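Based on the provided sequences and hints, a complete structural model is requested.
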Amino acid sequence: MSDWLHDLPVHWMALIIFGFTYLLAVLVFAGVAIISSKQRTASFKSVSAGMLPVLGTIFGLFVAFTAAQVWSDNEHATAAVSREASSLRTVILLAVGLPPEQQGRLRSLVHDYVEQAVGVEWPMMAKQAASLRSAPPTLVEALELVVSMSTQNPGQQIAQREIITALDAALDARRQRIIISQSEVGAVKWWCIYLQAVCELLAIALIHCENRLGSAIAMGLFASSVATSALLIAAHDRPFTGQISIAPTPLLQIMPDKEAGR
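Residue numbering for the sequence shown follows the working numbering, beginning at 13 and increasing consecutively.
Some hints here could point you the wrong way.
Estimated spans, in silico, between C-beta atoms of each pair [what the hints assert, rightly or not]:
no.: 1; residue 1: 47; residue 2: 202; range: 21 to 29 Å
no.: 2; residue 1: 83; residue 2: 146; range: 28 to 36 Å
no.: 3; residue 1: 146; residue 2: 59; range: 58 to 66 Å
no.: 4; residue 1: 236; residue 2: 200; range: 19 to 27 Å
no.: 5; residue 1: 39; residue 2: 131; range: 43 to 51 Å
no.: 6; residue 1: 128; residue 2: 226; range: 57 to 65 Å
no.: 7; residue 1: 39; residue 2: 177; range: 53 to 61 Å
no.: 8; residue 1: 168; residue 2: 28; range: 57 to 65 Å
no.: 9; residue 1: 199; residue 2: 163; range: 48 to 56 Å
no.: 10; residue 1: 34; residue 2: 177; range: 49 to 57 Å
no.: 11; residue 1: 229; residue 2: 77; range: 24 to 32 Å
In short, the hints are calculated from the structure, not lab data.
The structure presented is a predicted model; accordingly, all values stated were derived computationally and were not measured.
All residues carry an ideal CB built from backbone N, CA and C; glycine is no exception.
Written as structure tokens, this is what we have:
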């Protein structure tokens, strides 16, 4: 789906998706009503009602297959942000074992990294424009600072080793969330879902061609279920885009006070 649709509030997204789906149902209903005649009605009625559950099952499988991808992306994105925040929190806690100068510098770099991630990377991920071409300079500088540090006792050696591991984990979690931010339901899947929905609507209209009211009610109910499924998928399609998106709250919660780190 288009970027402008994902950026809309959920209620406007719902209005557009439901409107589009009902429009399809009306077009199918009107098309069958226009071409119906006494001879064609007999042909239409020969279409087996047993097709409806088969087509409905296939539609349900399409929705389940697509939804599984969306839920998986959201779960992995949430886990990546939490792992990134947890790793940075570990860095902050272990920095207490370093000399005051290195401790202050490390806290300041973590602060700057979180600030840059929230203020720059999150809006870019929302537009699927974030890139892995360059590593975050603040974390790279923090890694260089810890690697080049001369330890004075075994405690500092342990802290140095664990901080390096935590920084590497934070970099890996950042890579994961940026990769997942590029994920979305492809156009082919959307076309397949709506094409299958049109097939079901057409089958309903043909089978109930002599009962216009019953046909309209059945088509309206199925169109509502199609729109509801499409809305649920579209609202969660891009993990970092839209009103229902993953916020950088875990990172903000562990963000150290820069003044305290100086």
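These are the hints, each one checked on the structure:
{"no.": "1", "hint": "47 / 202: 21 to 29 Å", "result": "28 Å, holds"}
{"no.": "2", "hint": "83 / 146: 28 to 36 Å", "result": "31 Å, holds"}
{"no.": "3", "hint": "146 / 59: 58 to 66 Å", "result": "59 Å, holds"}
{"no.": "4", "hint": "236 / 200: 19 to 27 Å", "result": "24 Å, holds"}
{"no.": "5", "hint": "39 / 131: 43 to 51 Å", "result": "46 Å, holds"}
{"no.": "6", "hint": "128 / 226: 57 to 65 Å", "result": "60 Å, holds"}
{"no.": "7", "hint": "39 / 177: 53 to 61 Å", "result": "59 Å, holds"}
{"no.": "8", "hint": "168 / 28: 57 to 65 Å", "result": "58 Å, holds"}
{"no.": "9", "hint": "199 / 163: 48 to 56 Å", "result": "55 Å, holds"}
{"no.": "10", "hint": "34 / 177: 49 to 57 Å", "result": "55 Å, holds"}
{"no.": "11", "hint": "229 / 77: 24 to 32 Å", "result": "29 Å, holds"}
In the structure shown, no violation is registered for any of the earlier numbered hints.
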